[in-house]
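Protein chains: 2
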Amino acid sequence: MTEINHQILLVSRPEGEVEAANFKLVETPLAPLQDGEVRVRNHFLSLDPYMRGRMNESKSYASPQPLNEVMIGATVGRVVESKNTRYQVGDKVAGFFGWQEFGTSDGSALRKLDDTHIPLSAYLGVVGMPGVTAWYGLNRIIVPKAGETLAVSAASGAVGGVVGQLAKAKGCRVIGIAGGADKCRYVVEELGFDACIDYKQDNLHDDLKAAAPKGVDGYFENVGGPVLDAMLARMNAFGRIALCGMIAGYNGQPMPLKSPQLLLVSRLKLEGFIVSEHMEVWPEALAELGGLVAQKRLKYRESVAEGLASAPEAFMGLLKGRNFGKQIVKLV
Amino acid sequence: MTEINHQILLVSRPEGEVEAANFKLVETPLAPLQDGEVRVRNHFLSLDPYMRGRMNESKSYASPQPLNEVMIGATVGRVVESKNTRYQVGDKVAGFFGWQEFGTSDGSALRKLDDTHIPLSAYLGVVGMPGVTAWYGLNRIIVPKAGETLAVSAASGAVGGVVGQLAKAKGCRVIGIAGGADKCRYVVEELGFDACIDYKQDNLHDDLKAAAPKGVDGYFENVGGPVLDAMLARMNAFGRIALCGMIAGYNGQPMPLKSPQLLLVSRLKLEGFIVSEHMEVWPEALAELGGLVAQKRLKYRESVAEGLASAPEAFMGLLKGRNFGKQIVKLV
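One line per chain: the protein sequences are A and B, in this order.
When you number the first sequence by this note's numbering, it's gap-free, plus one each residue, and the end is 1037.
When you number the second sequence by this note's numbering, it's gap-free, plus one each residue, and the end is 1037.
Honestly, the hints are just simulated from the structure, not real lab data.
Heads up, the beta-carbon is just placed ideally off N, CA and C, and yes, glycines get one too.
Treat the hints loosely; a few may be bogus.
What the hints assert, rightly or not - Reference excerpt, derived from the structure (chain A facing chain B, CB under 7 Å, subset only):
1. 823
2. 825
3. 953
4. 954
5. 961
6. 963
7. 965
8. 966
9. 972
10. 973
11. 974
12. 975
13. 976
14. 978
15. 1009
Next up, chain A with everything else stripped away, as it sits in the complex (with noise of 0.2 Å):
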């Protein structure tokens, strides 16, 4: 019996927003493994906004998404099948797979998880490429020191959550920006976080103003646009900003910042940076990470979509924040 791989292929770019028509779900049947070569079951998918940067064929940090191929992705999932002395069945592993049931490797990009006191979706959040994304950006840019007001956008996602409970440790006030009453809950609530600003309410400058009363000493971006210009606004002199996304400009429309001067008159230091090009931190920032989860100091949400199908449209509630937490798709 031959088995079915379920997968879904990127066939057509977006013109402006991504649309279910961009993607096509198809059946391939699994070929025979080879000697060496390991096959994963992917229970969960990563679903991440740097993917809609791939979907482009324009110039970005990283090659395009070709057309016609499975959408790019991380992955865990567990070893069903190996011709491979490294790998035994059962095991459970990170990968790279995209957006598709199975995945076959020669074993050499894939990582080793240990699930006994870390879920295994943790892996795609915090305790994976999301949470050393916070790590970097609030440890190697940003650098708080203790009494410092910190800010974060799209704080109750899986990046921004981390880097606000980081700061929190390090005993800087924190400041989050969520899109919605429900989420700014959350943030303060669940993860304790000091205040947070809905920024549906459209009142942003003054609610900032309020939130930080003595100005922002480091901000963490992962929105741009109309976030960005009030909390330039809002900056203290020699304020850091680690600019890790501006998903508010993803589909391309003109996002121009309003006053570039402040970056001047404020003295900031601004560094866009994708942690992917840092590798040298991850072991220690996952390390890290890793001990906060299982000893749940760190606390995270997740989304889950159910099943490989719900992916394209999970992906596009996510580029409109939709999500609460971090976006997985359980393929399992």
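Fit chain B to the given chain A structure using the hints.
Chain B only, in chain A's frame:
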């Protein structure tokens, strides 16, 4: 006989462009010197873009220039009377006496100058604040490596000319941006830049592509506006931008940055700075710059306005780029 001091006061704040009516030339009798005081006849007054910011009431990095007081500014001159044992008549000194012919001081904010090998006026330019500004932005923010491409705007100006020459000495390919064919010719032929783009030709994007075929690794920004937009699009991954001035917006007109997402896409590092906040580098920088000037290995050019009364006109010209090199006013 009581000597008369001529002074220029700021009597109103500009709305938009600076006008002659914002200033007033007055005659003030010099008070007799008190014990411990020094009287300096100012020989040269420095005019610098930062003064425009001080003329506004709005938030900037420094307190505004008070109305009906002598306009601030750096000066160099000669001690003409002294009741302070640390200064003798004939000593050459740098001070911050502002737009006036004589300065009186308790000696605390003066610095003795040696004009044997370095012309007195150079202490207002290449061997003064503008020179150290160039040195700091280049060596502490951009940190260029041999073989990299560096660009600098206002390239024929007091700061830009030093930036480019120091970068050339470090083995960089250096691109200037300046206004007009004369300035560009000077930048290439006299200062030794590899290329210079005339932004008045309105072809920044293509000209920059031609001048920097491998992209730009370091950018020293003095102007902002469309030049910064064009430069961002040409920056290489991991490029560094020293944000020193944004003269294009000093009259308060909106000056949005078109595509801030390029800061993320190209993982740029941008830092705004004010050299007076980094006094720790001044001794090292001034020693290096003074040595280069004395050895005639660092070239510069001055625009000299004659007499105190010419200062307002010269300052308005500076803000419009009518100066060619460091703008000073000769007072004696």
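For each hint, the structure was consulted:
no.	hint	in the structure
1	823	30 Å, violated
2	825	30 Å, violated
3	953	9 Å, violated
4	954	5 Å, holds
5	961	4 Å, holds
6	963	5 Å, holds
7	965	4 Å, holds
8	966	5 Å, holds
9	972	5 Å, holds
10	973	6 Å, holds
11	974	5 Å, holds
12	975	5 Å, holds
13	976	5 Å, holds
14	978	6 Å, holds
15	1009	28 Å, violated
Hint compliance for this structure: hints 1, 2, 3, 15 are broken, all remaining hints hold.
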